[in-house]
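Participant: Spelled out from the first residue to the last, the chains are:
Protein chains: 2
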Amino acid sequence: MATARDRSHAIAAPRKPRADGQKSRDAILRTAAGLVTVEGITGLSIGRLADAVGMSKSGLYAHFGSKEELQLATVDTACRIYDDVVVLPALGEATGRARLEALAERFLMHVQESVFPGGCFFASVAAEIDTQPGPVRDSAMAASAQWFEHLASAIQSAQAEGEIDPAEDAVQLAFEVNAYLLMANAQFVAGDAGALDRARRALKRKLESVARP
Amino acid sequence: MATARDRSHAIAAPRKPRADGQKSRDAILRTAAGLVTVEGITGLSIGRLADAVGMSKSGLYAHFGSKEELQLATVDTACRIYDDVVVLPALGEATGRARLEALAERFLMHVQESVFPGGCFFASVAAEIDTQPGPVRDSAMAASAQWFEHLASAIQSAQAEGEIDPAEDAVQLAFEVNAYLLMANAQFVAGDAGALDRARRALKRKLESVARP
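Chains A and B, in that order, give the protein sequences.
Under the working numbering, the residue at position 71 of the first sequence is numbered 71, and the numbers go up by one with no gaps.
Under the working numbering, the residue at position 105 of the second sequence is numbered 105, and the numbers go up by one with no gaps.
Next up, chain A with everything else stripped away, as it sits in the complex (with noise of 0.2 Å):
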């Protein structure tokens, strides 16, 4: 199996380095996403991070004036990473049904492409600084709230549909989903890739038990 730091290339940008070895500001937050899900978001400095891009910490200031600028900011790449590869593409789909099973495999196959070298980002960091109050963890929590909200809104439109059972309780069933996928998410990222399709198999099996009676 490659290793996270080999897998780390899924979401760097596709452009070369400068010549003057300078990176963009988009190229730096792309690497300090990724790097945060192996080595977690409180480690992530301006030192940790100019280390990792190959760049001087005075470099990297005259980006980022403090750490928790740094870390909001990957926060926000991260989402518009996760936003682009998974969420919007899932949220064209035409019916409630479609949209919510879009939803689900675009984010099993994110895990299993590693667009994030050590798996969801927001999953990562959540578990890391649940208990940690401030801006950080506020970012990270609402935008899984976010997502938490888009599995029940296609829900709620898969029910008016009916393509789902009007009687389901829809935040129920997107916690049971969505559970689904952050389990095999977690399974995955610890070495067992037959846990995407466990969830593949958990999301078909409730789907059918919920169908429109």
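Each hint should be verified, as a subset may be incorrect.
[As the list claims (entries may be wrong)] Below, computed lysine to aspartate or glutamate pairings styled on EDC-like, alpha-carbon distance capped at 16 Å:
| hint | chain 1 | residue 1 | chain 2 | residue 2 |
| --- | --- | --- | --- | --- |
| 1 | B | Lys-67 | B | Glu-93 |
| 2 | B | Lys-204 | B | Glu-69 |
| 3 | B | Lys-204 | B | Asp-138 |
| 4 | A | Lys-57 | A | Asp-76 |
| 5 | B | Lys-206 | B | Glu-163 |
| 6 | B | Lys-204 | B | Glu-149 |
| 7 | A | Lys-57 | A | Glu-101 |
| 8 | B | Lys-206 | B | Glu-105 |
| 9 | A | Lys-206 | A | Glu-101 |
| 10 | A | Lys-206 | A | Glu-105 |
| 11 | A | Lys-204 | A | Glu-163 |
| 12 | A | Lys-206 | B | Glu-208 |
| 13 | B | Lys-204 | A | Glu-168 |
| 14 | A | Lys-206 | B | Glu-168 |
| 15 | A | Lys-67 | A | Asp-51 |
| 16 | A | Lys-204 | B | Glu-168 |
| 17 | B | Lys-206 | A | Glu-163 |
| 18 | B | Lys-57 | B | Glu-69 |
| 19 | A | Lys-206 | B | Glu-101 |
| 20 | B | Lys-206 | B | Asp-165 |
| 21 | B | Lys-204 | B | Asp-51 |
| 22 | B | Lys-206 | A | Asp-51 |
| 23 | B | Lys-206 | B | Glu-69 |
| 24 | B | Lys-206 | A | Glu-168 |
| 25 | B | Lys-204 | A | Asp-169 |
| 26 | A | Lys-204 | A | Glu-68 |
| 27 | A | Lys-204 | B | Asp-169 |
| 28 | B | Lys-206 | B | Asp-169 |
| 29 | A | Lys-204 | A | Glu-149 |
| 30 | A | Lys-204 | A | Glu-101 |
No lab work stands behind these hints, which were simulated from the structure alone.
The structure presented is a predicted model; accordingly, all values stated were derived computationally and were not measured.
Chain B: place on chain A using the hints.
Facilitator: For chain B alone, kept in the frame of chain A given last:
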């Protein structure tokens, strides 16, 4: 809501500190296990723990020769606490189905009662060091695998006893049950107490759907 730190008394050893300011190895490790679920295991150094328990670093070096030795002893202590509170009482139930339900309910109760102030010790550590090879990761992952084995084994017993459809894939079902539990843990620690009841409902629905036909 009480902060994580306010609740960290939950696994403090019941005895009073000794008059000479020294604490027993067990009391130190219980403090360490709680601290890990809030601050992470990577940051658990002899210096950090010395601050937390109010002892000198040299006093702690007498107990633990290195940071890694301390981390491994902390994982062992967390396993003992978890076995005492969750696993062993549940395994005393007479049937597979009762064992499965007791494992799940005791897991949820240990989250609800903040046995560890930052929620499930093993979920917390796994999320933090799943991509960092070494004996500490291996030890925590072995504990998670053993927990999964307890769930699957209770399901297999329930199948043999006619309480769960023998056509069910026990590993698939254990995956789904564990997913509900860990999702509830993550959401509870993030401040959503209703997540525990969502996991209870999910488990009830699931057991109804896999009952022997």
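Participant: Compare the structure with each hint and give your call.
Facilitator: Evaluated hints:
no.	hint	in the structure
1	B:Lys-67 x B:Glu-93	39 Å, violated
2	B:Lys-204 x B:Glu-69	41 Å, violated
3	B:Lys-204 x B:Asp-138	33 Å, violated
4	A:Lys-57 x A:Asp-76	21 Å, violated
5	B:Lys-206 x B:Glu-163	13 Å, holds
6	B:Lys-204 x B:Glu-149	20 Å, violated
7	A:Lys-57 x A:Glu-101	44 Å, violated
8	B:Lys-206 x B:Glu-105	14 Å, holds
9	A:Lys-206 x A:Glu-101	12 Å, holds
10	A:Lys-206 x A:Glu-105	14 Å, holds
11	A:Lys-204 x A:Glu-163	13 Å, holds
12	A:Lys-206 x B:Glu-208	13 Å, holds
13	B:Lys-204 x A:Glu-168	14 Å, holds
14	A:Lys-206 x B:Glu-168	14 Å, holds
15	A:Lys-67 x A:Asp-51	15 Å, holds
16	A:Lys-204 x B:Glu-168	14 Å, holds
17	B:Lys-206 x A:Glu-163	20 Å, violated
18	B:Lys-57 x B:Glu-69	15 Å, holds
19	A:Lys-206 x B:Glu-101	20 Å, violated
20	B:Lys-206 x B:Asp-165	12 Å, holds
21	B:Lys-204 x B:Asp-51	45 Å, violated
22	B:Lys-206 x A:Asp-51	49 Å, violated
23	B:Lys-206 x B:Glu-69	41 Å, violated
24	B:Lys-206 x A:Glu-168	14 Å, holds
25	B:Lys-204 x A:Asp-169	14 Å, holds
26	A:Lys-204 x A:Glu-68	41 Å, violated
27	A:Lys-204 x B:Asp-169	14 Å, holds
28	B:Lys-206 x B:Asp-169	13 Å, holds
29	A:Lys-204 x A:Glu-149	20 Å, violated
30	A:Lys-204 x A:Glu-101	9 Å, holds
The earlier numbered hints that this structure contradicts are 1, 2, 3, 4, 6, 7, 17, 19, 21, 22, 23, 26, 29.
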